[in-house]
Amino acid sequence: MTEEINNETIERETHEGLKIERGVVEMKKGLKMLAVALLAFFGFMFSNGNIAEAAAQSGGLPAIQQVEVFGPGKTVFYVYNDGTAEDTFSWDAGNFGTGTIVVPAGSYKEISFDTNDYFLFTVINSDGTAMDYANSLTYYYVNVEIYYDNDCVSDEEYRLSMSDGSFSYTVDQQVNDGGQLLECVSAATQYLYYGPGNASTLVFQYKSVDQPDKKVGVNFIDTNGYVIGTDEFTVSVNENVIYEAPEQISANGTVYDLVSDMSITHGYASSKTSYSFQYKAQKAVLTKSYSVKFKFIDAETKEVIGTDSQPINSGETLIYTVPETWSVGAYTLSAGQPREITHKFEDSSREYSVLYDATGSYDITISLIDVKSGTAIDTFSETVDANTVAVYDYEPSVSANGVNYILAGGQGSRLTHAYGESSRTYEIYYNPENTAEADAEAQPYTISIEYVDVKTNDVLYTEAIDVAAGETATASVPETYTVEGEDYIILPGQGSDISHPYNDARKSYVTYYRNVNDESNAASSVEEKVVTEVITEEDEIVNIPNVIPVVVDQEEVVETVVTEPDNIVEIPEEPVALNEAPQNDEELQNNGEPQNNTPVQNNESENVIIPDEETPLAGTPGQTGTTAGTGTKKKTENKAETEKKVETEKKVETEKKAETEKKAETEKKVETEKKAETEKKAETEKKVETEKKAETEKKAETEKKAETEKKAAAKSEPETTTISDEEVPLAKAPAETAATTSNTVLPIVLGCVALLAAGIAVLFLVRRNRNMGGK
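Under the numbering used here, read the sequence shown as residues 1046 to 1820, first letter to last.
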């Protein structure tokens, strides 16, 4: 496209932008006039005096301006004529053509080319006395438009250059415009490529997304963290809701007063889904009877060896006489402990503890019984030392009086007796060999292994293991486990393998895991404690020859309770289920809290633990003893040694875990460094390639420029070539005339004399100009 501007005179500065003083301008005009005179003279000398034609072609002064364009496929130049007369300029665009263009004095013409490649553009006036050149611009501008529901919200221009090769732009997949959610329905990342035939605009289109109302939950909790009421409110898009909690609520017959902030503000864009307000129960007046509990504690091991409870009515005072001995004389009341405990109905305490000392060793009796006849096959004794656990492993078969016997099922494989337990005699049953009963005992059966989340008590997985008659089944327990994308790790204190003998009565095992994100149980571990009996509220003794895994904290806390002046009783704090609800009406009246409140989410998990006062727990045995059919072999284990062994195993497991984590961290670090090195190498190679390309382009430009200047100096008249430009009709340059003369010596001499005279005149003019400037 060619555009002419004839009514505007454009003054341009040449020769690298230097400002020319008026005196220099006048001198330049004088030099131009001198040059015209000399050219006329030489034209006359070499063309038989055709001065008029030479003078007609002088006066044009070309200048070139590069023009920035939008979009690909065009390179545009403005060709100015800063001379005093219209002139026909010859131009050269290298591989993209040559030609001529007529430019009026003080005006310009536009020349465009259908390319975005690099080339050198030169212009020479008609008499070859002036020229200008410029490089083509190797860039153009592109557009990025962003629409929200067909409304243009952004329209920006960016420059795309040949060296870049391409242009990319990325937007967010979703945006929030004043609370209104919009989704990008076009590609979020789009590209434009350099050169003719490629697009010049990127368009990103967003559409509004329907946003439904949100429901936000509200929990009313008491000071213990229990939920005593709930509520909810609804918030719509672009809306802020102020919710105010009631100052007072009633739940389970108790009145609660608000103790936290009364109101909250919730916006639609907020990610919170629930809020909690805390309430404190008003103090209740107790009128209902309740029970006072008394715990008997081993002074050395701090374990509960027994309990007792007494009821008390409103307005009464209870005087409790503490027993001097406990557990069939195995314990005696420690020195300094009270013989009586006085408790008033309005007292806040509900439990008292007293200490007992172990009196010394005693024997327990073990009898092997023939199931069929009911007679004793063998009877022997085991000695139980103070604060130890006696262990006896059942023999799978025994012989007596020429009869072989097989251990009857359902009894387990081991007998344990912790010091102070009330039982003193034990019976182990056997079936005679080659009987229907013995054959029935030899049938295979299945045991189960449950993997349990310690926080939620949810069963993650159950594994079934078959146990063949007379064999020992084994199962490997994984240290880590993944369920539905959640990772779990086994709690310390549990072995990696489970071994189950055929004669063991135990039919199920529980392995506790914690979620890797469950920090509340990071310090928890598992102890397998042998429970031989449970004492019910009705003082009934139920034998449970089994192993029960108990989740405990790592640290043991001991609190002190003063029961009477100068009498201090130490109470070891046993592992208690978190957020444990009150157990009966008496405790409800005492605590002033509802009995079956639901804990707030995110509280610690509830652990199922047999209460210590009802289940004397013995330490895990580390060594065992065996007894033959006709002989006796016994072995006891010191509890301190057992605890030390468990602690050592726990320490080894912790060190192994730390080593695994350290190894994983090292591998991750090496991988990160390797990735960074690869990226750095790729960046360096790209930089070298870019520099090499720039250097090649620069070299080509220099060579092209030198070639053009050489060509311009060598030819007296441009070659005639046209380009396809409908708006700029380009005229062909006049034919070159070769001037010859037979007599060249005399004109050359005369020319030299004229040139010398002109030089002297110029020097005179310069000196005169300086003198005038000095005055």
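Among these hints, one or two may not hold up.
As the list claims (entries may be wrong) - Mimicking BS3-like on lysine-lysine, the simulated pairs with C-alpha atoms at most 25 Å apart in a straight line are:
no., residue 1, residue 2
1, K1750, K1737
2, K1714, K1701
3, K1696, K1707
4, K1708, K1695
5, K1726, K1713
6, K1119, K1749
7, K1696, K1708
8, K1714, K1695
9, K1328, K1338
10, K1744, K1725
11, K1750, K1731
12, K1731, K1719
13, K1260, K1340
14, K1726, K1738
15, K1260, K1333
16, K1119, K1347
17, K1713, K1702
18, K1737, K1725
19, K1732, K1743
20, K1713, K1701
21, K1732, K1713
22, K1119, K1725
23, K1317, K1259
24, K1732, K1719
25, K1119, K1750
26, K1701, K1720
27, K1719, K1707
28, K1707, K1695
29, K1743, K1731
30, K1738, K1119
31, K1702, K1714
32, K1389, K1328
33, K1260, K1317
34, K1707, K1720
35, K1347, K1333
36, K1714, K1726
Claimed, not checked - If you anchor each label on the Cβ, the simulated ranges turn out as follows:
no., residue 1, residue 2, range
37, V1733, R1204, 23 to 31 Å
38, T1491, E1712, 13 to 21 Å
39, V1282, E1113, 41 to 49 Å
40, S1521, E1361, 34 to 42 Å
Please keep in mind that the hints were generated in silico from the structure rather than gathered at the bench.
For glycine and all other residues, C-beta sits at the position ideal for the given N, C-alpha and C.
To see whether the hints hold, each was checked on the structure:
{"no.": "1", "hint": "K1750 with K1737", "verdict": "20 Å, holds"}
{"no.": "2", "hint": "K1714 with K1701", "verdict": "20 Å, holds"}
{"no.": "3", "hint": "K1696 with K1707", "verdict": "16 Å, holds"}
{"no.": "4", "hint": "K1708 with K1695", "verdict": "20 Å, holds"}
{"no.": "5", "hint": "K1726 with K1713", "verdict": "20 Å, holds"}
{"no.": "6", "hint": "K1119 with K1749", "verdict": "21 Å, holds"}
{"no.": "7", "hint": "K1696 with K1708", "verdict": "18 Å, holds"}
{"no.": "8", "hint": "K1714 with K1695", "verdict": "29 Å, violated"}
{"no.": "9", "hint": "K1328 with K1338", "verdict": "23 Å, holds"}
{"no.": "10", "hint": "K1744 with K1725", "verdict": "29 Å, violated"}
{"no.": "11", "hint": "K1750 with K1731", "verdict": "28 Å, violated"}
{"no.": "12", "hint": "K1731 with K1719", "verdict": "19 Å, holds"}
{"no.": "13", "hint": "K1260 with K1340", "verdict": "49 Å, violated"}
{"no.": "14", "hint": "K1726 with K1738", "verdict": "18 Å, holds"}
{"no.": "15", "hint": "K1260 with K1333", "verdict": "42 Å, violated"}
{"no.": "16", "hint": "K1119 with K1347", "verdict": "94 Å, violated"}
{"no.": "17", "hint": "K1713 with K1702", "verdict": "17 Å, holds"}
{"no.": "18", "hint": "K1737 with K1725", "verdict": "18 Å, holds"}
{"no.": "19", "hint": "K1732 with K1743", "verdict": "16 Å, holds"}
{"no.": "20", "hint": "K1713 with K1701", "verdict": "19 Å, holds"}
{"no.": "21", "hint": "K1732 with K1713", "verdict": "29 Å, violated"}
{"no.": "22", "hint": "K1119 with K1725", "verdict": "38 Å, violated"}
{"no.": "23", "hint": "K1317 with K1259", "verdict": "11 Å, holds"}
{"no.": "24", "hint": "K1732 with K1719", "verdict": "20 Å, holds"}
{"no.": "25", "hint": "K1119 with K1750", "verdict": "22 Å, holds"}
{"no.": "26", "hint": "K1701 with K1720", "verdict": "29 Å, violated"}
{"no.": "27", "hint": "K1719 with K1707", "verdict": "18 Å, holds"}
{"no.": "28", "hint": "K1707 with K1695", "verdict": "18 Å, holds"}
{"no.": "29", "hint": "K1743 with K1731", "verdict": "18 Å, holds"}
{"no.": "30", "hint": "K1738 with K1119", "verdict": "23 Å, holds"}
{"no.": "31", "hint": "K1702 with K1714", "verdict": "18 Å, holds"}
{"no.": "32", "hint": "K1389 with K1328", "verdict": "18 Å, holds"}
{"no.": "33", "hint": "K1260 with K1317", "verdict": "10 Å, holds"}
{"no.": "34", "hint": "K1707 with K1720", "verdict": "20 Å, holds"}
{"no.": "35", "hint": "K1347 with K1333", "verdict": "33 Å, violated"}
{"no.": "36", "hint": "K1714 with K1726", "verdict": "18 Å, holds"}
{"no.": "37", "hint": "V1733 with R1204: 23 to 31 Å", "verdict": "24 Å, holds"}
{"no.": "38", "hint": "T1491 with E1712: 13 to 21 Å", "verdict": "41 Å, violated"}
{"no.": "39", "hint": "V1282 with E1113: 41 to 49 Å", "verdict": "45 Å, holds"}
{"no.": "40", "hint": "S1521 with E1361: 34 to 42 Å", "verdict": "60 Å, violated"}
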